[in-house]
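Student: I would like the entire structure built from these sequences, with the hints used as guidance.
2 protein chains.
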Amino acid sequence: MNEGKVPGGTAADFVKEALAECRDVTLPALREVVEGLHPQLARIGAYHLGWREHDGTPTDLHAGKMMRGTLALLTARTFGAGTATAVRGAVAVELVHNFSLLHDDLMDADELRRGRPTAWVAFGSGPAVLTGDALLSQAMCVLAAADGGASARRASEALAKAVDAIIHGQAADLSLDHFPVDRVSTEDYLTACAKTTGLFCGCVEVGASLAGAPVAGVRALRAAAWNLGVAWQIADDIESIWGDSADSGKPPYGDLRRHKRTYPVIAALRSGTPAGQRLAARLDTVKEHTEAELPLLADLIDQAGGREEAERAARDHLDRALRELADAGGEESARDGLASLFHHVIDRHHWQRPTAAAGSMTEGTAQ
Amino acid sequence: MNEGKVPGGTAADFVKEALAECRDVTLPALREVVEGLHPQLARIGAYHLGWREHDGTPTDLHAGKMMRGTLALLTARTFGAGTATAVRGAVAVELVHNFSLLHDDLMDADELRRGRPTAWVAFGSGPAVLTGDALLSQAMCVLAAADGGASARRASEALAKAVDAIIHGQAADLSLDHFPVDRVSTEDYLTACAKTTGLFCGCVEVGASLAGAPVAGVRALRAAAWNLGVAWQIADDIESIWGDSADSGKPPYGDLRRHKRTYPVIAALRSGTPAGQRLAARLDTVKEHTEAELPLLADLIDQAGGREEAERAARDHLDRALRELADAGGEESARDGLASLFHHVIDRHHWQRPTAAAGSMTEGTAQ
Numbered sequence: 016m017n018e019g020k021v022p023g024g025t026a027a028d029f030v031k032e033a034l035a036e037c038r039d040v041t042l043p044a045l046r047e048v049v050e051g052l053h054p055q056l057a058r059i060g061a062y063h064l065g066w067r068e069h070d071g072t073p074t075d076l077h078a079g080k081m082m083r084g085t086l087a088l089l090t091a092r093t094f095g096a097g098t099a100t101a102v103r104g105a106v107a108v109e110l111v112h113n114f115s116l117l118h119d120d121l122m123d124a125d126e127l128r129r130g131r132p133t134a135w136v137a138f139g140s141g142p143a144v145l146t147g148d149a150l151l152s153q154a155m156c157v158l159a160a161a162d163g164g165a166s167a168r169r170a171s172e173a174l175a176k177a178v179d180a181i182i183h184g185q186a187a188d189l190s191l192d193h194f195p196v197d198r199v200s201t202e203d204y205l206t207a208c209a210k211t212t213g214l215f216c217g218c219v220e221v222g223a224s225l226a227g228a229p230v231a232g233v234r235a236l237r238a239a240a241w242n243l244g245v246a247w248q249i250a251d252d253i254e255s256i257w258g259d260s261a262d263s264g265k266p267p268y269g270d271l272r273r274h275k276r277t278y279p280v281i282a283a284l285r286s287g288t289p290a291g292q293r294l295a296a297r298l299d300t301v302k303e304h305t306e307a308e309l310p311l312l313a314d315l316i317d318q319a320g321g322r323e324e325a326e327r328a329a330r331d332h333l334d335r336a337l338r339e340l341a342d343a344g345g346e347e348s349a350r351d352g353l354a355s356l357f358h359h360v361i362d363r364h365h366w367q368r369p370t371a372a373a374g375s376m377t378e379g380t381a382q
Numbered sequence: 016m017n018e019g020k021v022p023g024g025t026a027a028d029f030v031k032e033a034l035a036e037c038r039d040v041t042l043p044a045l046r047e048v049v050e051g052l053h054p055q056l057a058r059i060g061a062y063h064l065g066w067r068e069h070d071g072t073p074t075d076l077h078a079g080k081m082m083r084g085t086l087a088l089l090t091a092r093t094f095g096a097g098t099a100t101a102v103r104g105a106v107a108v109e110l111v112h113n114f115s116l117l118h119d120d121l122m123d124a125d126e127l128r129r130g131r132p133t134a135w136v137a138f139g140s141g142p143a144v145l146t147g148d149a150l151l152s153q154a155m156c157v158l159a160a161a162d163g164g165a166s167a168r169r170a171s172e173a174l175a176k177a178v179d180a181i182i183h184g185q186a187a188d189l190s191l192d193h194f195p196v197d198r199v200s201t202e203d204y205l206t207a208c209a210k211t212t213g214l215f216c217g218c219v220e221v222g223a224s225l226a227g228a229p230v231a232g233v234r235a236l237r238a239a240a241w242n243l244g245v246a247w248q249i250a251d252d253i254e255s256i257w258g259d260s261a262d263s264g265k266p267p268y269g270d271l272r273r274h275k276r277t278y279p280v281i282a283a284l285r286s287g288t289p290a291g292q293r294l295a296a297r298l299d300t301v302k303e304h305t306e307a308e309l310p311l312l313a314d315l316i317d318q319a320g321g322r323e324e325a326e327r328a329a330r331d332h333l334d335r336a337l338r339e340l341a342d343a344g345g346e347e348s349a350r351d352g353l354a355s356l357f358h359h360v361i362d363r364h365h366w367q368r369p370t371a372a373a374g375s376m377t378e379g380t381a382q
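Sequence order for the protein chains is A and B. Residue numbers for the first sequence follow the working numbering, so the first one is 16 and each next one is one higher. Residue numbers for the second sequence follow the working numbering, so the first one is 16 and each next one is one higher.
Treat the hints with caution; some may be incorrect.
Result set (SDA-like, lysine to any residue): computed pairs, CA atoms no more than 25 Å apart in a straight line [unchecked claim]:
1) B/Lys-265 / B/Ala-124
2) A/Lys-176 / A/Ala-137
3) A/Lys-265 / A/Pro-132
4) B/Lys-302 / A/Leu-116
5) B/Lys-176 / A/Ala-137
6) B/Lys-176 / A/Lys-80
7) A/Lys-265 / A/Leu-298
8) B/Lys-176 / A/Val-48
9) A/Lys-275 / B/Ala-57
10) A/Lys-275 / A/Asp-203
11) A/Lys-302 / B/His-193
12) A/Lys-302 / A/Lys-176
13) B/Lys-302 / B/Phe-138
14) A/Lys-265 / B/Gly-141
15) A/Lys-80 / A/Leu-298
16) A/Lys-275 / B/Leu-42
17) B/Lys-265 / A/Lys-275
18) A/Lys-302 / B/Lys-31
19) A/Lys-31 / A/Arg-58
20) A/Lys-265 / A/Lys-176
21) A/Lys-176 / B/Arg-58
22) A/Lys-176 / B/Asp-123
23) A/Lys-275 / A/Ser-286
24) A/Lys-176 / B/Lys-176
25) A/Lys-176 / B/Gly-344
26) B/Lys-176 / A/Ala-296
27) B/Lys-265 / B/Lys-275
28) B/Lys-275 / B/Asp-123
29) A/Lys-80 / A/Lys-176
30) B/Lys-31 / B/Gly-344
31) A/Lys-176 / B/Pro-43
32) A/Lys-31 / A/Gly-51
33) B/Lys-302 / A/Ser-140
34) B/Lys-31 / B/Arg-58
35) B/Lys-275 / B/Val-136
36) B/Lys-31 / B/Ala-124
37) A/Lys-275 / B/Arg-58
38) A/Lys-176 / B/Val-48
39) B/Lys-275 / A/Arg-58
Because the hints were derived from the structure by calculation, they are not lab data.
Tutor: So, in structure tokens, the structure goes:
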């Protein structure tokens, strides 16, 4: 376990500072890209990113956490990249992240993000899709225009592959929800997880490639980021059922309402417990759950051990991510900073029960 | 005029053969990409491309003309690229073209393409958007994975910029339709034309970059392709009003029904003629035209000189395209082949009145 390497307080402070610094250096570049779009798309982009209200007035919302941008930035620095190079990677992955949010919100029929109507609800499907396209295209442009020969070329390739992985994962995820309850497996879940892991891998690969990191290091980073992405997705699944919707800005029980085959649900269905069987019977027969039934389904999942198993799996994937990261090379203290970010990325989810979360090193810094 | 350079029959034969050969060498690579997508997306992609029916059975439809692929392929060859390199460019631009069709059909609420329901009608908005995303991402991957150092890198950059231009043009086009009739200008039209010219420029730039063409040649090619794209768009506008919907596979008067500010409409509105004023009054006051009114609107546009002016502009832009092409350098006979393709691209539209079309060199080869 690398957790001990960095003393709690210091690691939390480091992450807080790293996230704040990434925002400071990345946000102006990101704003420049979004504001340079066609005015209609710039308006939708700024709304989606939380910078502006529907009518264009600036918000007092926090700018996004830029967790993925920070991941790219810290990775690039671990392998010696300067800030200008690292920021290019951060901007590119944040653009791809927001492209995928804009399109996924439409595909998943999500109507709320951060407590506000999603872009397709606020501006219509067509304009929201086109804004997503514009952000993806800008991400390609940011890296394609970068100097740096082979390094920049590898970064462009890593970004293209990341986008491909996200899309494949999203398609798998949409299919998964139509699987009969007795057929859905953890393997299928992990395939669909590419909707998340694809960009986590992209963040470290783009960052490391821009910095000219050696191939073996990039490979270890990929494995680390894949595990981190799985841990993040499982934590997100847990939060979507048992978390506080005031924290997430999303409606409660959203994933249950939409019959999503999330990790806790799959673990419960495969538990062989009476609660798991009752859950299967409910999911199989009921096409649309009543509001009153949703907390009962959540309880069944918990009773079947689905929540506990999901918590275990999330911790396990985080541990694997940290082990892989330790083998990735690069500058050691910067890599320790990355490890702190890994912890933070998972711990900022409100997914651990009060007892499990007690003493969590990032307690109090989650936002 | 370069028209005289290549004798009629020979040029028509050349284009026919070039299009057929491009299909022969590009289609297998394109199929491989589409069939390698997630099965759900592969199915939608094959339907959209006309290869398969909704239920997955192969169609007896013609495969697409691959006009953009052929443009990239012939440009690459004009500057000495081998077939494998040239095909990569052709596949990339065909993927981008189909990405934009999938998304535009949704944005424009088009329900028919080649006489069949569009993908978003047949499979739903979300899956159609995701399939478009997948084709765009694959286009990036095809070029990012290409060997060839600086040439391949310039091709990737050209593709990214082309996608950016298409999206900007599409946003401008969506805005244009909301302009009051007295405010819409030819300049606004040309800005929105980037939805078409963006990829025409992308085709020649990707092809020339992959072949390592000199910068001055690429610049002339860009100017040629931009003019070709404008000519194409105007011809398409004319066909959409006066063409035979059995040929286009689209409903008649589609652009008029949707209040689109196409070139003939703008020319009529700005003609200062009584017919133009009557047209303006109709467009300003009527929110939804009856079926019976659509041919009357078309007649008003014609009486105001909108059709004649559009025909003149299309021919003028084609002439400019051919003049720029003549300055682009590269291998002369291959470039003459490109010039023949330029003629064909415009002449295959059913936009010229019988008298104007008489003696057209590609007569009989349009498909």
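Student: All the hints need checking, so say for each whether the structure fits it.
Tutor: Hint check results:
1. B/Lys-265 / B/Ala-124: Given pair B/Lys-265, B/Ala-124 holds - Cα atoms ~12 Å apart, limit 25 Å.
2. A/Lys-176 / A/Ala-137: Not OK: A/Lys-176 and A/Ala-137 at ~31 Å, beyond 25 Å, violated.
3. A/Lys-265 / A/Pro-132: 10 Å, holds
4. B/Lys-302 / A/Leu-116: Outside the cut-off at roughly 34 Å; violated.
5. B/Lys-176 / A/Ala-137: Roughly 28 Å separates the two Cα atoms, so the pair is violated.
6. B/Lys-176 / A/Lys-80: 29 Å, violated
7. A/Lys-265 / A/Leu-298: Holds - the C-alpha atoms of A/Leu-298 and A/Lys-265 are around 22 Å apart, at most 25 Å.
8. B/Lys-176 / A/Val-48: 14 Å, holds
9. A/Lys-275 / B/Ala-57: 23 Å, holds
10. A/Lys-275 / A/Asp-203: 13 Å, holds
11. A/Lys-302 / B/His-193: 41 Å, violated
12. A/Lys-302 / A/Lys-176: Given that 25 Å is the threshold and the Cα spacing comes to 36 Å, the pair is violated.
13. B/Lys-302 / B/Phe-138: 30 Å, violated
14. A/Lys-265 / B/Gly-141: 20 Å, holds
15. A/Lys-80 / A/Leu-298: 35 Å, violated
16. A/Lys-275 / B/Leu-42: With Cα atoms ~37 Å apart, A/Lys-275 and B/Leu-42 exceed 25 Å; violated.
17. B/Lys-265 / A/Lys-275: Violated: B/Lys-265 and A/Lys-275 sit about 38 Å apart, past 25 Å.
18. A/Lys-302 / B/Lys-31: Violated: A/Lys-302 and B/Lys-31 sit about 54 Å apart, past 25 Å.
19. A/Lys-31 / A/Arg-58: 30 Å, violated
20. A/Lys-265 / A/Lys-176: Cα-Cα ~30 Å, so violated.
21. A/Lys-176 / B/Arg-58: Given that 25 Å is the threshold and the Cα spacing comes to 21 Å, the pair holds.
22. A/Lys-176 / B/Asp-123: 30 Å, violated
23. A/Lys-275 / A/Ser-286: Since the Cα atoms of A/Lys-275 and A/Ser-286 sit roughly 18 Å apart, the hinted pair holds (cutoff 25 Å).
24. A/Lys-176 / B/Lys-176: 19 Å, holds
25. A/Lys-176 / B/Gly-344: The hint is violated at about 35 Å.
26. B/Lys-176 / A/Ala-296: Between B/Lys-176 and A/Ala-296 the Cα gap is close to 52 Å, so the pair fails against 25 Å, i.e. violated.
27. B/Lys-265 / B/Lys-275: 15 Å, holds
28. B/Lys-275 / B/Asp-123: 10 Å, holds
29. A/Lys-80 / A/Lys-176: 24 Å, holds
30. B/Lys-31 / B/Gly-344: Given that 25 Å is the threshold and the Cα spacing comes to 24 Å, the pair holds.
31. A/Lys-176 / B/Pro-43: Holds, at about 22 Å.
32. A/Lys-31 / A/Gly-51: 30 Å, violated
33. B/Lys-302 / A/Ser-140: Holds: B/Lys-302 and A/Ser-140 sit about 22 Å apart, inside 25 Å.
34. B/Lys-31 / B/Arg-58: The hint is violated at about 30 Å.
35. B/Lys-275 / B/Val-136: Holds, because 21 Å separates the two Cα atoms, which is no more than 25 Å.
36. B/Lys-31 / B/Ala-124: 33 Å, violated
37. A/Lys-275 / B/Arg-58: The given pair, whose Cα atoms are some 23 Å apart, holds under the 25 Å limit.
38. A/Lys-176 / B/Val-48: With a Cα-Cα distance of about 14 Å, the restraint between A/Lys-176 and B/Val-48 holds, given a limit of 25 Å.
39. B/Lys-275 / A/Arg-58: This hinted pair holds, its Cα atoms lying about 23 Å apart.
When each numbered hint is compared with the structure, violations occur for hints 2, 4, 5, 6, 11, 12, 13, 15, 16, 17, 18, 19, 20, 22, 25, 26, 32, 34, 36.
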